[in-house]
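Fit chain B with the ligands to the known structure of chain A by using the hints.
There are 2 protein chains.
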Amino acid sequence: MASTVNLKEANGNQSSWDTLLPDFPKGPLCKYRKKASFNWKEMAVFLDGEDIIQLKNRIFSALENDPFFAHRPGEDLSREKYQELTFLRCKRLFEYDFLTQQEIIENPLKIFNMVICIGMYDWSPCLQYFLHCGVFAGTILSASNRFADLLGKVFNMEIFGCFALTELSHGTNTKGIRTTATFDRSTQEFIINTPDFEAAKFWVGNMGKHATHAVVYAQLYTPDGQCQGLHSFIVQIRDTKTLLPMPGVMVGDIGKKLGQNGLDNGFAMFHNVRIPKENILNIAGDVTAEGKYSSSFKDVKERFSASLGSLSIGRILITAVSATNLKLALSIAIRFSATRHQFGPTDEEEIPVLEYQTQQWRLLPYLAAAYVLDYFSKSLFENFVEFFAGLLTKQRSQRQADLGREIHALCAASKPLSSWTAQQAAQECREACGGHGYLAMNRLGEIRNDNDPNCTYEGDNNVLLQQTSNYLMSWMNCIRDKVPFESPLGTINFLQDYHHILGRKFTAVSVEDCMDSSVPLAAYKWLVCYLLRESDLKLKKEKQSGQSDFEAKNNCQVYYCRSLAIAFIEQTVLQRYHDYTHDPNIPSTLQTVLKNLSALYGLWSLSKHLAVLYQGGYVSGEQAGRFIQNAILELCYRLKDDAVALVDVFAPPDFILNSPIGKASGELYKNMWSEILQGNKALNRPSWWAEFCINKPVTGRLRSRL
Amino acid sequence: MASTVNLKEANGNQSSWDTLLPDFPKGPLCKYRKKASFNWKEMAVFLDGEDIIQLKNRIFSALENDPFFAHRPGEDLSREKYQELTFLRCKRLFEYDFLTQQEIIENPLKIFNMVICIGMYDWSPCLQYFLHCGVFAGTILSASNRFADLLGKVFNMEIFGCFALTELSHGTNTKGIRTTATFDRSTQEFIINTPDFEAAKFWVGNMGKHATHAVVYAQLYTPDGQCQGLHSFIVQIRDTKTLLPMPGVMVGDIGKKLGQNGLDNGFAMFHNVRIPKENILNIAGDVTAEGKYSSSFKDVKERFSASLGSLSIGRILITAVSATNLKLALSIAIRFSATRHQFGPTDEEEIPVLEYQTQQWRLLPYLAAAYVLDYFSKSLFENFVEFFAGLLTKQRSQRQADLGREIHALCAASKPLSSWTAQQAAQECREACGGHGYLAMNRLGEIRNDNDPNCTYEGDNNVLLQQTSNYLMSWMNCIRDKVPFESPLGTINFLQDYHHILGRKFTAVSVEDCMDSSVPLAAYKWLVCYLLRESDLKLKKEKQSGQSDFEAKNNCQVYYCRSLAIAFIEQTVLQRYHDYTHDPNIPSTLQTVLKNLSALYGLWSLSKHLAVLYQGGYVSGEQAGRFIQNAILELCYRLKDDAVALVDVFAPPDFILNSPIGKASGELYKNMWSEILQGNKALNRPSWWAEFCINKPVTGRLRSRL
Ligand SMILES: Cc1cc2nc3c(=O)[nH]c(=O)nc-3n(C[C@H](O)[C@H](O)[C@H](O)COP(=O)(O)OP(=O)(O)OC[C@H]3O[C@@H](n4cnc5c(N)ncnc54)[C@H](O)[C@@H]3O)c2cc1C
Ligand SMILES: Cc1cc2nc3c(=O)[nH]c(=O)nc-3n(C[C@H](O)[C@H](O)[C@H](O)COP(=O)(O)OP(=O)(O)OC[C@H]3O[C@@H](n4cnc5c(N)ncnc54)[C@H](O)[C@@H]3O)c2cc1C
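Chains as they are written, first to last, in full-length UniProt numbering: chain A, 1 to 706; chain B, 1 to 706.
Derived by calculation from the structure, the hints in this document are not laboratory data. For each residue, glycine too, the CB sits at the ideal point set by N, CA and C. Mixed in with the good hints, there may be bad ones.
[Unchecked claim] Here are some, though not all, of the chain B residues that point toward chain A, as calculated from beta-carbon distances under 8 Å:
{"hint": "1", "residue": "S78"}
{"hint": "2", "residue": "F155"}
{"hint": "3", "residue": "Y356"}
{"hint": "4", "residue": "N555"}
{"hint": "5", "residue": "A611"}
{"hint": "6", "residue": "P686"}
[To be verified] Label-pair distances were calculated between CB atoms; the ranges are:
{"hint": "7", "chain 1": "B", "residue 1": "C227", "chain 2": "A", "residue 2": "N695", "range": "41 to 49 Å"}
{"hint": "8", "chain 1": "B", "residue 1": "K541", "chain 2": "A", "residue 2": "E106", "range": "57 to 65 Å"}
{"hint": "9", "chain 1": "B", "residue 1": "P345", "chain 2": "A", "residue 2": "N145", "range": "39 to 47 Å"}
{"hint": "10", "chain 1": "A", "residue 1": "K241", "chain 2": "B", "residue 2": "K81", "range": "34 to 42 Å"}
{"hint": "11", "chain 1": "A", "residue 1": "E106", "chain 2": "B", "residue 2": "F550", "range": "51 to 59 Å"}
{"hint": "12", "chain 1": "A", "residue 1": "N680", "chain 2": "B", "residue 2": "Q102", "range": "42 to 50 Å"}
{"hint": "13", "chain 1": "B", "residue 1": "L311", "chain 2": "A", "residue 2": "S674", "range": "29 to 37 Å"}
{"hint": "14", "chain 1": "A", "residue 1": "D224", "chain 2": "B", "residue 2": "R705", "range": "54 to 62 Å"}
{"hint": "15", "chain 1": "A", "residue 1": "G344", "chain 2": "B", "residue 2": "K241", "range": "43 to 51 Å"}
{"hint": "16", "chain 1": "A", "residue 1": "G621", "chain 2": "B", "residue 2": "A389", "range": "50 to 58 Å"}
{"hint": "17", "chain 1": "B", "residue 1": "D224", "chain 2": "A", "residue 2": "S61", "range": "57 to 65 Å"}
{"hint": "18", "chain 1": "A", "residue 1": "S674", "chain 2": "B", "residue 2": "T240", "range": "29 to 37 Å"}
Isolated chain A (complex conformation) (with noise of 0.2 Å):
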């Protein structure tokens, strides 16, 4: 893969390092910066390259300096607020517009970073910036020349958009979908309609409150009372000089939910709303004046591949996102786990919880996962970024059309698999902090609210699983029949060797033979193949068995099909990681632990699916499964002492990640008492003192009404 963020070249050294990175804050976490292998400066600008660390630089010190994003300790934002201050920092980044076309031409990874960099401040503004500019003008942007009006409308904010698809009672099954727009021949408009509540659309981010338009998804019926099937329209939903909704439509906010309330979802009832005939998106199809549907695909299946190919970048972003908020989560736990002490040798000497094994273990992995899931999901973009280039030139080869299909099937793994660790993660983080971590002001409860979501939308995870596993057995044939194959980025070629891995055992003879992330790497190119089998034969036994496709296909998720994605999709991301850091031209100051990572990740990651390794005799004897485990734990061990320096090349500035025991000083207890007293009604007596002084409760009073 030839790819910008391959081997960026250190290049620069000690001194514009500095400049591009300055030093942390002197304090009790320097212990541990003193015993890392590495300079972790030299780390970031080999992962990211100056140009993208200085974007980074600017968009954060920009959001720091701006008093719109000030933060305020300890006071309580009513949701009301909450949406108000994130709508108001969102008119800040149209102020700021950080990023030329030109800039994005050039690099479009800077889009990427920019999203992210906005995102680690608060997810809110970042999504509702983020869903007009991208997703709705994207939307229009991809169906024709005649919205040009309208997207710079889009861009200087006389519009804001919202993308509704999703209705109260339709989500992932996205073809049950009920709204209805109808072709009126005789005043040449489209006539959308709400059946009822339950088609009502919903959870429609920007809508709740401020959106004036929305992509509108809905059936296609044409004068001849055919339905067409789903295609999209835009329709005006609020007035745009008074916020207040349109004629016919009935428009409001969902509520609270766990996570993300800057952001304000919403629902919308159509009643027979009339839109002139040119806002149907004509991506899919069109109508003519008389009403005669035309697609402009010739067949249903090219439709489908293009549509899935750009379905695609959000699942890229969405596992993006996710590394992130798992970035985010062990900023905060190692910095805390190494400046917490408790308990230690003798009762005068407490030391770090990051020594001990059990908190090793359980952070050192997701920290190396951390890594990896990062350089995967930038590598997708990139990825995407080609397959994007095609669709803008109309490509309509072969090569693009399976090249869309690998990406979909890549992402569609990705996301859940991103989206569970961070939660997990999150999790885990949160636990590790102890009860700090269950403090609001250390924003690990933040990180896992509004991760969680990513768990749903653009698809639910588990059924997304189901796309990948799909793609995987559709090279079934290709393999029994013996047929050479590939695909565009090679992700499936080692199936072809499919009955050769079959027959591969494990080899390692010590723990020392298992710390290469070559040795997961075979390991889950085996588990790959023999879950194939095994789900090809389980569905052929299901229908077999007299079971509908629909029944058979269903009944093979568990233990087949689903393991099959995952297995999958952890076997791509590993093999990225592992071909970037076994590349000779890493600097050979950070090969060492950039290798510990990958080799940590694979193992760790395989070790989930070990009895598997051993139900299908890949693996035997008591001591294969003790040279993983043990592996994993000497890997941990080894890693303890970068872990520091590890998430100081990626936590960003102590002002955005926001949490005193995440900070990079590491004086966790006068950085939490600081903000404790900060918040102005830590010391106040309650409002409500008199109902404990004057009015006592007479106990058993009420105990005759029981």
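Structure of chain B with the ligands alone, referenced to chain A:
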């Protein structure tokens, strides 16, 4: 185990059940209810008995009819208001005074059920009430008679109590507590002092805003300058007439938490605060007028096991509290899954998501866990009641001491097991409800957030597990020397067969063979012995390689002692449930479903250890693993039609459950829709509309500042 929770006679009949347990409203859930293999009312009466059901009904309807407990849909309660409301609700609990002393003595399980019932409504008032009447009062009660006066003031709320052990920099390691209590002979007072802010009391429930008195743990110094170790003292922290801090006390609120925000957790610093000599809680020791220290215990060990035993009640209750959260989350997710239709064999016919194999496998094992853990927590509570009776009657027998140790070992692992299970289940249920699970009104977020600290307080889960493994390891000498041994509750008696058990193998030769919990139970017995042996060997090896005891123990946790403790408690929990469900006196109408639950829980828990079973040679070959996996799926399938009825058995009334998608009618969309529209601001224009309509951003205006 003789127990009132064991085999209650399902006395009475359909008509008496109907009075106790009214029918549910007709609706979409009827379909599944009709398919159930048993009568949910019979089950409820069988599990709880009429007396407890009446108590529950009494409490639930008191709350439902009391305006103080009214829900406020759509209202965005500030933290201060929520704290006030919680306090007012807590006062109402005093006025209801649900149980008389007599009732509690007659059936201590009633107090257990009362806590659970109030908590099902909201944990904040429940914990506030319990910390005061249970923990604070309980601590005083067990000290000496001289506090009778104070105790009166507790129960009429003249004072309000809290329990202050943790400090900002010390939690788990209580030995590290740094607050001091120095005896001043001249005034016959103790001087309570906080050396610096890192030793401030921290996290103390009720202390944030309203407690007037605290049980404060401090290092006791006698006039000879000797530190006598940790002791507890009653310190007044606020004036009872004004709620203003007492002189020398700096007390305040630690701020917003991830959950339980009705409860005010606080901090306190003491600046040489003087308290009368009588305020020492002379549980462990006392000081004479001359300043000489005297302990009421002959030796440290005895003192230790007495205190261990009484500490257990907190962990037992948390085991139950977590099991309750498990029930709440499942009530919501199962009812949703039975009524949410998505996809289907044809485009027209959609099926409930509960019909999908993945959905069953994600939820039903947790449903089984809810039954199993509920039973275990009750039975452990009954064990504790026996132990406590011994404490009250000042029993100093060996059995009493052994019982204290055994109960300690059990709850030090059942708290982790139950709290983690509930935490994972809450997350899984959230995801299983798709987007709607992320809406705050559906309550899965609150359940997850409120359950979370169960993993941390009363001892961090990971640290607690070490207590259990230490207990198990302590039997190795007897095992090695082949000395007979047993424990009061018999939970470790099977270890006498250690050598024999280690020779056993998995014998099932079909899926059908695995369908009873005896199969996982046998496997667990082997697993515990195996992990015990391995942990013991590992510890020896670590020590032989020159590690100190401290290091050696730390390095034996992951994959060894930690797994051992978990396997042991799962085994114990399963054993009790297996015995319960296999008792021939169980009504035949209920036995099948109860046995299915027992088998599912056992196999599903065991399956997480499958790798170790292979590794250690208990299981071998491809088929063995498949049998277990297929048995899990088959049990899920068999239980899916019982799932709604199983949830009906434990779900509280709609008012208490307070989740539109979890209501008993199953009209999820109507319930959600009406709740959203009740939120009075749902349709309002935002107050900040002019920020969009008038104050437009100038795109790029701030770019020059970057
Ligand atoms: C914060 C947030 C923001 C959102 N923003 C938007 C937005 O801006 N615009 C918009 O249109 N939508 C939005 N959504 C909606 C989102 O896209 C849907 O919630 C998502 O697609 C999942 O669908 P669902 O909620 O209907 O889940 P469901 O389909 O109801 O899933 C419920 C459960 O059933 C299971 N299930 C369903 N089908 C199957 C199957 N075939 N096999 C096995 N299991 C199955 C799932 O795994 C899941 O556990 C948002 C949602 C959230 C939470
Ligand atoms: C909501 C809430 C309410 C509370 N209420 C009260 C109250 O009313 N009164 C009161 O006194 N306290 C209260 N507490 C404090 C609570 O008791 C402590 O938080 C708890 O004991 C955990 O201690 P800690 O926070 O110091 O964790 P730490 O000890 O700092 O643990 C941090 C991490 O280090 C790990 N660790 C520590 N020691 C070891 C070891 N030896 N080996 C391996 N790993 C280790 C832990 O596993 C954990 O992951 C409350 C806490 C919460 C969250």
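Hints and how they fare:
Nearest Cβ of chain A to the Cβ of S78 of chain B: about 5 Å, under the 8 Å cut. The hint holds. Among the interface hints, the one on F155 of chain B holds; its C-beta lies about 6 Å from the nearest C-beta in chain A, closer than the 8 Å criterion. With a least beta-carbon distance of about 6 Å to chain A, the hint placing Y356 of chain B at the interface is held under the 8 Å criterion. Contact between N555 of chain B and chain A, as hinted, is supported at the beta carbon level, the nearest pair being about 6 Å apart and thus within 8 Å.
Annotation: A611 of chain B was flagged as interfacial toward chain A, and the flag holds, the nearest CB pair being 4 Å apart, inside 8 Å. Interface hint status for P686 of chain B: upheld, as the beta-carbon distance to the closest one in chain A is roughly 4 Å, under 8 Å. In this structure the hint that C227 of chain B and N695 of chain A lie 41 to 49 Å apart at CB holds, the actual value being about 44 Å. For the hinted restraint 57 to 65 Å between K541 of chain B and E106 of chain A, the CB-CB distance of approximately 58 Å keeps it satisfied.
Under the hint 39 to 47 Å, the C-beta atoms of P345 of chain B and N145 of chain A, about 42 Å apart, fit the expected range. At roughly 36 Å, the beta carbons of K241 of chain A and K81 of chain B sit within the given window of 34 to 42 Å. A beta carbon spacing of about 57 Å between E106 of chain A and F550 of chain B agrees with the range 51 to 59 Å that was offered as a hint. Taken as a hint, the range 42 to 50 Å holds for the pair N680 of chain A and Q102 of chain B, whose Cβ atoms sit roughly 48 Å apart.
Here the CB-CB span from L311 of chain B to S674 of chain A is close to 34 Å, well matched to the stated 29 to 37 Å. With their beta carbons about 58 Å apart, D224 of chain A and R705 of chain B fall inside the hinted range of 54 to 62 Å. Taking 43 to 51 Å as the suggested C-beta distance range, the pair G344 of chain A and K241 of chain B conforms, at roughly 45 Å. Here the CB-CB span from G621 of chain A to A389 of chain B is close to 51 Å, well matched to the stated 50 to 58 Å.
Look at D224 of chain B against S61 of chain A: about 59 Å separates their beta carbons, and that is inside 57 to 65 Å. At about 31 Å, the CB distance of S674 of chain A to T240 of chain B agrees with the hint of 29 to 37 Å.
Violated hints: none; the structure is consistent with every hint.
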